[in-house]
Every structure is written in structure tokens, then in C-alpha cells.
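Residue numbers (my numbering), protein chains in the order written: chain A, 1 to 233; chain B, 234 to 466.
The calculated lysine to any residue pairs, modelled on SDA-like cross-linking and capped at a C-alpha distance of 25 Å, are:
| # | chain 1 | residue 1 | chain 2 | residue 2 |
| --- | --- | --- | --- | --- |
| 1 | B | K463 | A | V128 |
| 2 | A | K230 | B | E355 |
| 3 | B | K296 | B | R240 |
| 4 | B | K352 | A | Q212 |
| 5 | B | K465 | A | N74 |
| 6 | A | K152 | B | D308 |
| 7 | B | K385 | A | G160 |
| 8 | A | K230 | B | L312 |
| 9 | B | K278 | B | M438 |
| 10 | B | K426 | A | E153 |
| 11 | B | K321 | B | T346 |
| 12 | A | K230 | B | E356 |
| 13 | A | K230 | A | E188 |
| 14 | A | K230 | B | K385 |
| 15 | A | K232 | B | D357 |
| 16 | B | K463 | A | Y116 |
| 17 | B | K385 | A | N202 |
| 18 | A | K152 | B | S414 |
| 19 | A | K119 | B | Q445 |
| 20 | A | K88 | B | T379 |
| 21 | B | K385 | A | D220 |
Across the chosen pairs, the derived CB separations fall in these ranges:
| # | chain 1 | residue 1 | chain 2 | residue 2 | range |
| --- | --- | --- | --- | --- | --- |
| 22 | A | Y223 | B | S402 | 28 to 38 Å |
| 23 | B | L312 | A | H81 | 48 to 58 Å |
| 24 | B | D404 | A | K76 | 16 to 26 Å |
| 25 | B | E356 | A | P218 | 27 to 37 Å |
| 26 | A | R191 | B | D279 | 44 to 54 Å |
Now the stretches of chain B that chain A is said to cover, found in silico as 3 or more residues with beta-carbon under 8 Å:
| # | stretch |
| --- | --- |
| 27 | 258–271 |
| 28 | 340–353 |
| 29 | 356–367 |
| 30 | 378–392 |
By construction, these hints were calculated from the structure, which means they are not laboratory data.
For glycine and all other residues, C-beta sits at the position ideal for the given N, C-alpha and C.
2 protein chains.
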Amino acid sequence: MDCINQRGIAYGIGVGPGDPELMTLKAVRLIRENDIIVVPGKDPKDSVAYKIAEAVIPEISGKTLVSVSMPMVNDKEALTHSHREAAKQIESYLDDGKNVVYLTLGDVSIYCTFSYLQKILEEDGYAVELVSGIPSFCAAAARLNTPLVEGKEELHIVPGFYRRNETVSYDGTTVLMKSASHMSDVKEYLREKNTTVFAVENCGMENEKVYQTLDEIPDDAGYFSLIIAKNKY
Amino acid sequence: MDCINQRGIAYGIGVGPGDPELMTLKAVRLIRENDIIVVPGKDPKDSVAYKIAEAVIPEISGKTLVSVSMPMVNDKEALTHSHREAAKQIESYLDDGKNVVYLTLGDVSIYCTFSYLQKILEEDGYAVELVSGIPSFCAAAARLNTPLVEGKEELHIVPGFYRRNETVSYDGTTVLMKSASHMSDVKEYLREKNTTVFAVENCGMENEKVYQTLDEIPDDAGYFSLIIAKNKY
Chain A
1 MDCINQRGIA
11 YGIGVGPGDP
21 ELMTLKAVRL
31 IRENDIIVVP
41 GKDPKDSVAY
51 KIAEAVIPEI
61 SGKTLVSVSM
71 PMVNDKEALT
81 HSHREAAKQI
91 ESYLDDGKNV
101 VYLTLGDVSI
111 YCTFSYLQKI
121 LEEDGYAVEL
131 VSGIPSFCAA
141 AARLNTPLVE
151 GKEELHIVPG
161 FYRRNETVSY
171 DGTTVLMKSA
181 SHMSDVKEYL
191 REKNTTVFAV
201 ENCGMENEKV
211 YQTLDEIPDD
221 AGYFSLIIAK
231 NKY
Chain B
234 MDCINQRGIA
244 YGIGVGPGDP
254 ELMTLKAVRL
264 IRENDIIVVP
274 GKDPKDSVAY
284 KIAEAVIPEI
294 SGKTLVSVSM
304 PMVNDKEALT
314 HSHREAAKQI
324 ESYLDDGKNV
334 VYLTLGDVSI
344 YCTFSYLQKI
354 LEEDGYAVEL
364 VSGIPSFCAA
374 AARLNTPLVE
384 GKEELHIVPG
394 FYRRNETVSY
404 DGTTVLMKSA
414 SHMSDVKEYL
424 REKNTTVFAV
434 ENCGMENEKV
444 YQTLDEIPDD
454 AGYFSLIIAK
464 NKY
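For reference, chain A alone in the conformation it holds in the complex:
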């Protein structure tokens, strides 16, 4: 009779958007309890998600830190290749019966690189569990001391501003994420709409900046910039 190893579980864990105190109790417990910590990027210790976790769990630096390459490129073949490689790294630990904790910024279900790995891991028969983190737009609203939506208003999360003429104008509140590379276009677009605009750059991080009007937002705002546009009624 073959001896069947109990495979480990792959946890995708959101550590929230920046402030280490916005980590959940569950995220902290699972990072403490497990020894294999996977972080996207070249050096795990350079990643923002790792630094957030380390601020609460300093002993993380003594765990097995595994970096996986998750390049942001448009070449589908290259992407698929790096996702397969990253999944293979994770699976080697799972096969040894070890759990793996993948750290990700914000929430794990919203524009998260782990989603690509999850698909491969599940296809390969491994168990995956997701642990929610505070999404950046919630933290930005709290930082701005403003509700995102009330009553019957709708909330629309738009992952980027790609093509000006194709960007739909929604009722309620629209959050524009990762629009920094087109900031002057975004500002021109929003200026024409009847909206109240706020923005937060690097929410909860040391270099956080808060903008209370559209005009305050610099054209060269950084990658972690998030715009909240509320329709005026």
C-alpha cells in the first residue's frame, strides 16, 4: 500500500492596503502559524505586502520566504509561463505537506495576482483558501472621512482608465484604480463630468498623500493612486 502524503493548503491572504493595523486577525494568525511565505517580486523583503506583515509579525523574517515572478506584461505566453512556474514552486511545498501563505496587497478577490495561481493550483488538484483583506478603496474612503456610497447609490470599481471614449460614466460613485499612468487624461475626463473628486496616493503608507479636489491631484501621481468620483445630484 502506498503511503499518501497529506498535501498542504495554499492560502491567498490579503494584508490590506498599507496600514499594518488594517490586517485582520485571521491574516495575522495564519502568517504566524505557517512557515512558507510566498511574495511576488524579486526580493520578498522589498515587497509592500511583506513589509505590512513584518510590521505586525517581525518573526516573519525568520520564515522561509519564497519569491515568485509575477511580471505585469501584456505578452500572454510569457504571463502563462511565469504563472505556471510560480504555481510549480508553490506546489513543491504543498506536496511536502506544508501550507503556503501567499501575501497580497489589499483584498485577495479584487484584481489580485493570486487569482491566476489559484486557477492552476485548483486544476492541479490542490486546496486553496482565500482570506479577505481591506480593499484600498475602503481604506481611502476612511482616510478621506467620506462614505463611498449611501442609500440607493451604486458603487463602481474600474480597474484602469484605458481608452477615454470607452470609459463609461456611471451613476453613483466610481472608483478609478491604477489610473496613474494616464492621470492628465483622467483629470480632463473627470473635469467634464459633474462629479466631486477625491484621491489618495499610497493610502496608509509613510508617503501617503490626500487630495480633496481634482485640481490638487498631480499629473505624476504614483502607481498606488486611487480616485473616488461621486456624481452630484
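Once you've looked at the hints, dock chain B against the given chain A.
Chain B alone, transformed into the frame defined by chain A:
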């Protein structure tokens, strides 16, 4: 010279959608550090938000628990009146130099009753701070082990299904919250769309139920039901 009291701060704190382990470190700290706990409803100890906090911070039961009436009615005058009364209760503690912690389910910036009180408190010159909680739709996605959105997909949060013909059909993923009272209409509407549907009832609570298809969702699903509808491409 008059003696000027230092006024307290009103904290609006999201305790997440149900699982006490999804509370943030910041929420736990602020509940521990402060003595006046405000909860909407008749008996504070009956409220779901209170029970979530109590599971992590049992000593909360020895604090000053204040119930405020936040009725869900359509009568605007009655609503304004109860919000003013609730704000008055909170302000009496703030005037005494005490901080007040208002507990709310999910996140504090998304369809939160505290938003009404915040407006009054700020108009009256009091300091308000918001502390994010995990929104129900993030926890539901994690429970279902499915990403909400990936890549260029948009995420739309719709607070209720009111009038069938006016409900807009969006690209990407749509989350329907608080649609239980119209569930059979909602199901009929979604059946006509080309969507993959999941739902979670009472996410993270003892009586949690998970539905992996539209047909599994019962017509009499409870108030804390949340539907995730993903467009098929």
C-alpha cells in the same frame, strides 16, 4: 477664563461581515481602548455587530453599551428625527471628553447607517474617524473561493433590486446586496442574462449558506443574502 473641555472623538468602526476573525487589529484596539460602545438597535447585545466584537473582546460586555434607534423606514422626517436623537446621545459623551465607538457590520463607508450620524456630528463640530472593515462582498467571494474581478473587469455593487426594468446590466461582475425581499424577481431577471451566479446567506455566521448556482438560491433567502453575478464572455 472658561475651562475648555477636550471633546472626545466619534469612531465609526466596521467589524466585518460575520466571522470575528475578520476584524482588523485597529478595530480590536479601539474597542479595547474605549468605554462607550454605541450599537444601533433596541438591545445592544442583540445586534450582530456587537456579537462579532464580543467574540474577540469579551470584556466589551462590561463597557457602557448605548443603543441608538436607527429605524429602516422610508419616512424622511422620522428618519431625520431618529438620526438627530442618536447624534444627540453620542454628542453627550463626546462633550464629556469621552470617545465613542460606533460598531457597524461590514465596512463603514459602504451603505452604513453611521454615515447619517457622521454628517450631523461633523456639522455640529465634532471629530469623526472611520475605521474600515471587510465588506460582505469580499468575504463572500473568499467563502466561495472565487475572485470577484480580474484584469480589466469592472466591479459593480448594487444595493438592492428595486424596479426590474430599471436595473442596469453591467459588464464584469455585479454584486446584488440586500435583494432578499425580491428574490424570485431577482432570480428571474438573472436567469435571462448570460451570467454565472453565486450567493452567500449570512456569510461567516453560524447559519451561513452557500449557493453555487442560481437555482439553488431559495426564494425566501434571508436579509443578509448577497448575490455575485459574473458576465460570461
